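Q: Those protein sequence lines, which keep their order, are chains A and B. FYI, the numbering for the first sequence is 1 to 309, going by full-length UniProt numbering. FYI, the numbering for the second sequence is 1 to 363, going by full-length UniProt numbering.
Some hints could be false.
Stated by the list, open to error - Derived SDA-like pairs (lysine to any residue); straight-line CA-CA distance at most 20 Å:
1) A/216 / B/303
2) B/303 / B/334
3) B/303 / B/363
4) B/112 / A/176
5) A/216 / B/245
6) B/79 / A/205
As the list claims (entries may be wrong) - Partner residues are not named here, just some residues of chain A that face chain B (Cβ under 8 Å, in silico):
7) 162
8) 166
9) 226
Said to hold, decoys possible - Sample of chain A residues lacking proximity to chain B, with all beta carbon distances greater than 10 Å (derived):
10) 139
11) 205
12) 213
Note that these hints are calculated values from the structure, not bench results. Note that this is a predicted model, so its numbers are computed, not measured. Virtual Cβ for every residue (Gly too), placed ideally from N, Cα, C.
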Amino acid sequence: MAAGAASGGSATTDTYAEAKTWLLMPAWVTIGIFVLAPVLMMLVYSFLTKEFRGGVIWEFSLSAYDQFFFDRGLFGDDPPKIEWTYIAIFWRSIWQAGAATLLSLVIGFPTAYFIATQPEKTRAMWVFLITIPYWVNLLIRTVSMKFLLRDQGPLNDFLLSIGIIDSPLHIVNTNFAVQLGLFYSYLPFMVLPIYAAVERYNFSLSEAAADLYATKWVTLRRILLPAVKPGVIAGCILVFVPSMGSFLAPDLLGGAKNFMIGSLIEEQFKGNAGNWPFGAAASMILLTMVLIILMIFARQQAKAEKGAS
Amino acid sequence: MSDERENAIDVREAVKRYGDFTALKTISLTIKDNEFFTLLGPSGCGKTTLLRMIAGFENVTEGEILLYGQEIENLPPYKRPVNTVFQNYALFPHMTILDNVAFGLEMRGNSKADARKRAGEVLELVQLSQFAARKPSQLSGGQQQRVALARALAPQPKVLLLDEPLSALDLKLRKAMQIELKHLQRETGITFIFVTHDQEEALTMSDRIAVMSAGELQQLGEARDIYERPRNMFVADFIGETNLLEVSVDAVEGGRAKCHLGGGHELTCNAVDEIGAGSTVHMSVRPERLFMSDAPTESESLKGTVKENIYIGTDLSTIIALADGPDFIVRTSNSDRGIKRIFEPGSDIYVNMEQGAARLLID
Numbered sequence: 001m002a003a004g005a006a007s008g009g010s011a012t013t014d015t016y017a018e019a020k021t022w023l024l025m026p027a028w029v030t031i032g033i034f035v036l037a038p039v040l041m042m043l044v045y046s047f048l049t050k051e052f053r054g055g056v057i058w059e060f061s062l063s064a065y066d067q068f069f070f071d072r073g074l075f076g077d078d079p080p081k082i083e084w085t086y087i088a089i090f091w092r093s094i095w096q097a098g099a100a101t102l103l104s105l106v107i108g109f110p111t112a113y114f115i116a117t118q119p120e121k122t123r124a125m126w127v128f129l130i131t132i133p134y135w136v137n138l139l140i141r142t143v144s145m146k147f148l149l150r151d152q153g154p155l156n157d158f159l160l161s162i163g164i165i166d167s168p169l170h171i172v173n174t175n176f177a178v179q180l181g182l183f184y185s186y187l188p189f190m191v192l193p194i195y196a197a198v199e200r201y202n203f204s205l206s207e208a209a210a211d212l213y214a215t216k217w218v219t220l221r222r223i224l225l226p227a228v229k230p231g232v233i234a235g236c237i238l239v240f241v242p243s244m245g246s247f248l249a250p251d252l253l254g255g256a257k258n259f260m261i262g263s264l265i266e267e268q269f270k271g272n273a274g275n276w277p278f279g280a281a282a283s284m285i286l287l288t289m290v291l292i293i294l295m296i297f298a299r300q301q302a303k304a305e306k307g308a309s
Numbered sequence: 001m002s003d004e005r006e007n008a009i010d011v012r013e014a015v016k017r018y019g020d021f022t023a024l025k026t027i028s029l030t031i032k033d034n035e036f037f038t039l040l041g042p043s044g045c046g047k048t049t050l051l052r053m054i055a056g057f058e059n060v061t062e063g064e065i066l067l068y069g070q071e072i073e074n075l076p077p078y079k080r081p082v083n084t085v086f087q088n089y090a091l092f093p094h095m096t097i098l099d100n101v102a103f104g105l106e107m108r109g110n111s112k113a114d115a116r117k118r119a120g121e122v123l124e125l126v127q128l129s130q131f132a133a134r135k136p137s138q139l140s141g142g143q144q145q146r147v148a149l150a151r152a153l154a155p156q157p158k159v160l161l162l163d164e165p166l167s168a169l170d171l172k173l174r175k176a177m178q179i180e181l182k183h184l185q186r187e188t189g190i191t192f193i194f195v196t197h198d199q200e201e202a203l204t205m206s207d208r209i210a211v212m213s214a215g216e217l218q219q220l221g222e223a224r225d226i227y228e229r230p231r232n233m234f235v236a237d238f239i240g241e242t243n244l245l246e247v248s249v250d251a252v253e254g255g256r257a258k259c260h261l262g263g264g265h266e267l268t269c270n271a272v273d274e275i276g277a278g279s280t281v282h283m284s285v286r287p288e289r290l291f292m293s294d295a296p297t298e299s300e301s302l303k304g305t306v307k308e309n310i311y312i313g314t315d316l317s318t319i320i321a322l323a324d325g326p327d328f329i330v331r332t333s334n335s336d337r338g339i340k341r342i343f344e345p346g347s348d349i350y351v352n353m354e355q356g357a358a359r360l361l362i363d
């Protein structure tokens, strides 16, 4: 310290700047290797030519994107028409992921609120209980879910035995089963950020609202929700984004009719029948879509904030 | 005269228990309409619990609380015509100052425009109009405090509850706010119930004070009563500075008790009904009610030696040891210098007390 002060202010600043550069290196290297490199690789691959047994030929081509958006007939020489197959899969993915996110929010918010309002000692235990199922492999959990929901499964057996239904509910191989599977896969990602936000919430604000003649419902809507909004948004993003690209739940619970974009991409890289550039292009389109959705969301958020003040 | 006023709050044998712990032990008190009433006591004495019971945040384990004659136990907080100024202010962080103040009015069914207009008027009252569009985090502690006050006053509650609202402010600001609050109470005519652990604050502001300790009401009265005629040891000790000494009561006659201190010094105290001759109790005499002299005076005089003089700004505090007896503290106002002599340490002097200055206390 004393030496730094003696050698003048600018020297000290330089030393700090240099130290800052070096100390930030691990972060930059991590981001470079684990974030930028894979995305760049995918971007490059999506513009290459496919090799028939998987892999790529290093030759520039737009055919992956062309295949995604246009239908040129069986031999590729018809005039191009818009290819709706993949766009429909995309649309279904957005819709399914959105429904799963909504389901997670409806179930996850009260759960998070419940945990956050427990005595401090028991909160850790509740969080622990929420995460226990997630120690089991996702594949196993999704298969178990299928067993649970199938026509002769425990759920239907139970409902039949207590006489609520006369014939088994067909849940497996429906959109709803996929939503349920996605909801179950990513629920903690909804609960934990909301829990963290509610735990930080100053409950005397709720008391103040009640004191000022606000009912519980109004207090929830006008005081609690705005205060924990960052947690809710984080939870929704953390559930929506992986749900969009998920392939286990749609594959196992949705059947062939409920194909999602994740399954489409997965198929392109599996075995020898895949089309790597096409998979990469679909991934890039997925990435772009997610970014666009998040940006629209963020912009609306900013607009709402501006309107409020 | 004050007895003719309506009772704003009537607490009848209210008890509050949390499991095995009793926070309030059978409290009964009435608070008059248009009164500045203070609940005073150290932390953990139950004063905030009582306030929260009136607000509706805590239920009453036993007994009842009446608000203008109406039993309120079954009313949730949002149906009680009382508002609270919270200790940490609890301003809504995502709302502007104006919307904070308008919130209660809006909840009471005023239109948004009307609520905002009235809120603007209340902000003017606390001189914060220019901050109406800001968020709470952009205001200083003192300003936030006034917003909290404005927000609680805006719906014109019948009773305003204040939970140590000034404790986070610095001394100067606190003093200014004490006066401002007192004026505000007179202007609005709203009953104020003020909770504090600061005895000076309580004495400055209150019409009446309830001194509480360990979940019990120790004494209830006007500031002067509490200070000059403390009922028991706790009140005498908690409020202001005092000489608290053990005495033996020799005889009680006509409201006066003849007593002696350790070392055989005799003195006369104001008697209380509960204490008879032959008992050993404590007595209290305020340091400013004592004066020193070279020779015995017509007042009661006790012989002693000056131990130490302590300069404390407005006053000079002198510690005197009675021969074979306890120490006394005597306060001399510095404005009396020249009239009253300053005695150097080591001087032999007499401690004199006016009649009625010393009081016996219940333990």
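Q: Is residue 79 of chain B within 20 Å of residue 205 of chain A, Cα to Cα?
A: 17 Å, holds
Q: Holds or violated: residue 303 of chain B with residue 334 of chain B, Cα cutoff 20 Å?
A: 23 Å, violated
Q: Once the shortest beta carbon distance from residue 226 of chain A to chain B is found, is it less than 8 Å?
A: 4 Å, holds
Q: For the pair supplied as a hint, residue 303 of chain B and residue 363 of chain B, is the alpha-carbon distance within the 20 Å limit?
A: The hint is violated at about 27 Å.
Q: Given the hinted pair residue 216 of chain A and residue 303 of chain B, is their Cα-Cα distance within 20 Å?
A: 69 Å, violated
Q: Verify that the Cβ of residue 205 of chain A lies farther than 10 Å from every Cβ atom of chain B, and report whether the claim holds or is violated.
A: Residue 205 of chain A not clear of chain B: closest Cβ-Cβ about 5 Å, inside 10 Å.
Q: Against the 20 Å threshold, does the CA-CA distance of residue 216 of chain A and residue 245 of chain B hold or violate the hint?
A: 55 Å, violated
Q: Would you check the hint for residue 112 of chain B and residue 176 of chain A, treating anything up to 20 Å between C-alpha atoms as holding?
A: 42 Å, violated
Q: Any CB of chain B closer than 8 Å to the CB of residue 166 of chain A?
A: For residue 166 of chain A, the interface hint is violated, since the closest Cβ of chain B sits about 45 Å away, which is over 8 Å.
Q: Should the hint that residue 162 of chain A touches chain B count as held when the rule is a Cβ pair under 8 Å?
A: 37 Å, violated
Q: Decide, holds or violated, for the assertion that all CB atoms of chain B are farther than 10 Å from the CB of residue 213 of chain A.
A: It is violated; residue 213 of chain A is separated from chain B by about 4 Å at its closest Cβ, not greater than 10 Å.
Q: Grab the minimum beta-carbon distance between residue 139 of chain A and chain B and tell me whether it stays above 10 Å.
A: At roughly 42 Å from the nearest Cβ of chain B, residue 139 of chain A sits farther out than 10 Å, so the non-interface label holds.
Consistency with the previously given hints fails for numbers 1, 2, 3, 4, 5, 7, 8, 11 and 12, ordered from lowest to highest.
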